[in-house]
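Residue numbers (our numbering), protein chains in the order written: chain X, 11 to 469; chain L, 7 to 443.
FYI, nobody ran anything at the bench for these hints, they're computed from the structure. A quick note: this is a predicted structure, and the numbers were derived from the prediction, not measured. Idealized CB from N, CA, C, for every residue including glycine. Any given hint might turn out to be false.
[What the hints assert, rightly or not] In silico DSSO-like pairs for lysine-lysine, Cα to Cα no more than 27 Å straight-line:
#1 K272/X <-> K442/L
#2 K220/L <-> K270/L
#3 K89/L <-> K399/X
#4 K220/X <-> K209/X
#5 K263/L <-> K205/L
#6 K36/X <-> K170/X
#7 K280/X <-> K442/L
#8 K89/L <-> K52/L
#9 K226/L <-> K279/L
#10 K435/L <-> K272/X
#11 K435/L <-> K280/X
#12 K263/L <-> K330/L
#13 K399/X <-> K330/L
#14 K399/X <-> K407/L
#15 K424/X <-> K330/L
#16 K314/X <-> K126/L
#17 K407/L <-> K51/X
[Unchecked claim] Just so you have them, the derived chain X footprint on chain L, three or more residues with Cβ under 8 Å:
#18 315-325
#19 337-350
[Unchecked claim] Computed footprint of chain X on chain L; a stretch qualifies when at least three of its residues, placed anywhere within it, have a C-beta under 8 Å from a C-beta of chain X:
#20 106-117
#21 355-365
#22 407-417
#23 427-433
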Amino acid sequence: MKIMKNITILIAAICISASGFGQVEKGTVLIKNGTVLTVTKGTLANTDVLIKDGKISQIGKSIALPQGAKEIDATGLFVMPGIIDAHSHIALDQINEGTNAITPEVFTGDALNPFQMSIYRALAGGCSMSHALHGSANSIGGQSQTIKHRWGTYDAEALKMEGAPRTIKFALGENPTGHGRRDGVQPQTRMGVEFVIRKAFSEAREYDAKWEAYNKAKAVKGFRGAPPTYSLRLQTLVDILKGNIILHCHSYRADEIQMLLKVTRDFGIKRVVFQHTNEGFKVAPEIAAAGAMASVFADWWQYKLEVYWSTPYNAAILVRNGVVTSINSDSPDLIRHLYHEAGKTQKYGGLSDDETLSLITINPARQLGVEARVGSIETGKDGDIAIFKNHPLSIYGVPQYTIVDGIVRFDREKDAADMRIMVDPRQTVDATLYETGHAHDFCMQDTAGLFESMENENK
Amino acid sequence: MKKIQLIYGVIVAAFCLATMNLSAQSPKGKTGVFALTNATVETITKGTIANGTVVITNGKITAVGTNVQVPAGAEVINCNGMKIYPGMIDAGTKVGLLEVGQIPQGSDERESGEIIPQMKALSAVNPNATVIPVTRISGVTTVVTMPEGGLLPGTAALINLHGYTPDQMYAGFEGVVLNFPNTGRRGFGDRRTEDELKKASEKALAQLNDVWEKATQYHKLDSATSGKGVGYYPEMQALVPVIRGERALMVEVDLQKDIQAALKWVKEKRVKKVVFTGVSEGWREAESIAKAGIPVITGPVIAIPNRDYDRYDARYSNAGMMAKAGVKVAIRSGEEGNGNYRNLPYHAGFATAYGMNREEALKAITITPAEILGVSAQYGSIEVGKVANLFVCDGDIFETKTQVSQVFIDGWKIPMQSRQTLLYDEFLKREPGLSKH
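In isolation and in its complexed conformation, chain X is listed as follows (with noise of 0.2 Å):
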């Protein structure tokens, strides 16, 4: 009988948890009189906002709190749209699958643990939402997920953001071609990591030709015969093809980012956003003239051989040849200073404060497919909102809320020291070192075969 009780409590208790998931929190709340950076519409004096219900509703002079509703006072401080990551891997315990050349069947939505420290951290640094990308073991990599850092929630499916487009991680170059070589397997050279996409994309289009055409005489009365076997590998790449998912690729040099333009060509695929694109200066006319995007570090080079011929001038050439560009972190403490990292182009290449203010906010919203919803201070969008002390991109600005969906999720003078939700029993270790924290290319994590043999052969 007690038994039996427990049961029913256990099974209303997941009830009741399960018509939570997926749930988005919103909220409301007034930010009064303060200096809104819109990005996309000036920047507007000693003015209002308010967002109701998660979405912005208001911007204007003396707007009235609705009743029951929090209210900030932003006298003195910056008001600016919550900042966007276009490459990360924080809230995420996978990074790479990598057992395979091309692996589009897996899907870092799978692998969100709300959990992770980096995600409060973000959040700490003006940051409201990324792009959780698969790593870049392998030429096709995962399918990734556009996330919300809505700290807090116990729901890692509350973490997606709701109706963001489909995207995928390709990745060129040495990540890649070291990992074929470290699995005697195809790519081991540039040459190969061609070779491994057009194949793939081949495939994937006689494959759809196939169900096409079982498609079309199943219709025929009559018909008799067995479908093709169906394979999620195959109808990832199709749905690549068919323009249902962003292609966003990991790559370096310049000889490999025009590979690329010219391979998504011809194979009609229209929406790309390169990743890192360390040397995509040298090539710039040829990504602006394919429309397709770039996604930068501010500076990082000599880290790998395809980085050493880079310029923090990057994103500067990239923005001046007409490329829609963004900074981004690839690590959970850059994705904490991403103003800082965007000011860099101010000083490497003479940015407006708008231009770079555009590359951690709309422009990354471009290249998710998400810049009808976040990117920019207006009615109608997202109610997700970064609050400084001083200007974003000075050097003493300092985030003081952070805002998601209506909701305050970041309070420098609210929060506690210890915000974790959750404590790890297998860290028993006193502490972990992360060092500098941006030392590594973050995008091979997990891939800790290939690191050992790197770190022996440094030894």
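Here the structure of chain X is known, so what remains is to put chain L in place on it, guided by the hints.
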């Protein structure tokens, strides 16, 4: 006829010389007498001078002030109200040792062996490393370049970022590096168990005590026999100056437990000249570090806290908290992974934004490291008699967008270009563009 040929030959040769790129690696600097006028001079040690002039004569600062006579024949640089700072010092880098990562042939910072203090970083500094012009044109003029690896991986050296030989670059400090036995993990690739970590740390401490004991005996023997009673023992010979307090021991230590252990060890062994480096959890032991009177070179400031339960800004505020407790704190960039030593002022800027006194933070990348390294008579401030390491810029050097317009190192007017600026010049408007012609 022959004469015409000769003249023709001379003209061709002269033309070739004129058009040839004379600087395969970097254009030449220029030395002599310079007067930097009309500047806001951030002397660091003697306040800020408005409308000031700084005179550089053959490598040294020879005049600083508002009432300065410009020497005849001096090259005058009108700073138009811009600022002059002393060259910044990054006291913890891999400059000259690491050319490019992940390729064994591209790095010289890690020799084989646990106890190898005799490995000299200065010997392996490549004066033409790509990172040198990249770093110096942002105002970082002087760096400590350090070997890495085992327990005692070698001897670090202070170098100026200009010169054609390591000797020309050498700036008067060498220190023996000790990676204090560490109880934490090295990073996400480190998959040792707790037990393995503990054992490794205990083993390393026993090893350290053993080598220290040997070095002490070696020193006694060497002193007693005026150097005649000892044989060739390179490890001990490299450690004797440390035992005698003639050379600093640079103790890399981060975690609270390890800092406590290092403080205890230094006291027990009566190490005479010691500096702690890294010290990312210094804020947890700030009082005891201050009490021990050990100076600290900390960094990176812009980094993730060591522990999940630490406040998100623990690393940002670390330097300021130590300084507040009375620790002598220098800031290093710690950006060896990405070659971004040029970001040193941003680390000091973040320390300021998160609580460090601004003047202290500025000192932490100029005069304080010079003092800690024992070279403050030559470096770290703008004063008459000091080495002319300084730069001109258009604003607060902590600010991200501030542009450095001219750098001097050892009195050399440095060409303001690097491979990375040349790539900008070449590719901003690429020719040919999309089509071939």
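A quick look at each hint next to the structure:
Taking the CA atoms of K272/X and K442/L, the gap is near 17 Å; set against the 27 Å cutoff, the hint holds. With a CA separation close to 19 Å, the supplied pair K220/L and K270/L stays within the 27 Å bound. For a cut-off of 27 Å, the pair hint linking K89/L to K399/X stands: about 26 Å separates their Cα positions. Under the criterion of a C-alpha separation no larger than 27 Å, the hint pairing K220/X with K209/X is consistent with the structure, at around 17 Å.
Restraint check for K263/L and K205/L: the C-alpha separation of about 15 Å stays at or below 27 Å, so the hint holds. Distance restraint check for K36/X and K170/X: the Cα-Cα separation of roughly 14 Å lies within the 27 Å cut-off, and the hinted pair is therefore satisfied. A threshold of 27 Å between alpha carbons decides the hint, and for K280/X with K442/L the separation of about 24 Å falls inside it, so the pair holds. At roughly 15 Å between alpha-carbon atoms, K89/L and K52/L fall within 27 Å of each other, so this suggested pair holds.
Proposed proximity of K226/L and K279/L is supported: the alpha carbons are some 18 Å apart, at most 27 Å. With a CA separation close to 22 Å, the supplied pair K435/L and K272/X stays within the 27 Å bound. Distance restraint check for K435/L and K280/X: the Cα-Cα separation of roughly 25 Å lies within the 27 Å cut-off, and the hinted pair is therefore satisfied. Restraint check: the Cα-Cα separation between K263/L and K330/L comes to about 21 Å, which is no more than 27 Å; the hinted pair holds.
Proximity of K399/X to K330/L is assessed by CA-CA distance (about 23 Å); at most 27 Å being required, the pair is judged to hold. For a cut-off of 27 Å, the pair hint linking K399/X to K407/L stands: about 18 Å separates their Cα positions. Simply put, K424/X and K330/L have alpha-carbon atoms about 23 Å apart, close enough for the 27 Å limit, and the pair holds. For the proposed pair K314/X and K126/L, the alpha carbon gap of about 25 Å is at most 27 Å, so the pair holds.
About 23 Å separates the Cα atoms of K407/L and K51/X, which keeps this hinted pair within 27 Å; it holds. Restraint check on the stretch 315-325 of chain L versus chain X: 5 residues with Cβ-Cβ distances below 8 Å, three needed, restraint holds. Residues of the stretch 337-350 of chain L lying with their CB closer than 8 Å to a CB of chain X number 9, which satisfies the three-residue condition for coverage. As drawn, the stretch 106-117 of chain L meets chain X at 8 residues by the rule of a beta-carbon pair under 8 Å; at three or more, the given contact holds.
Check on the stretch 355-365 of chain L: 5 of its residues sit with their Cβ under 8 Å from a Cβ of chain X, so the three-residue criterion for coverage holds. As drawn, the stretch 407-417 of chain L meets chain X at 3 residues by the rule of a beta-carbon pair under 8 Å; at three or more, the given contact holds. Closer than 8 Å: that is the beta-carbon criterion, and the stretch 427-433 of chain L has 4 residues meeting it against chain X, so the requirement of 3 holds.
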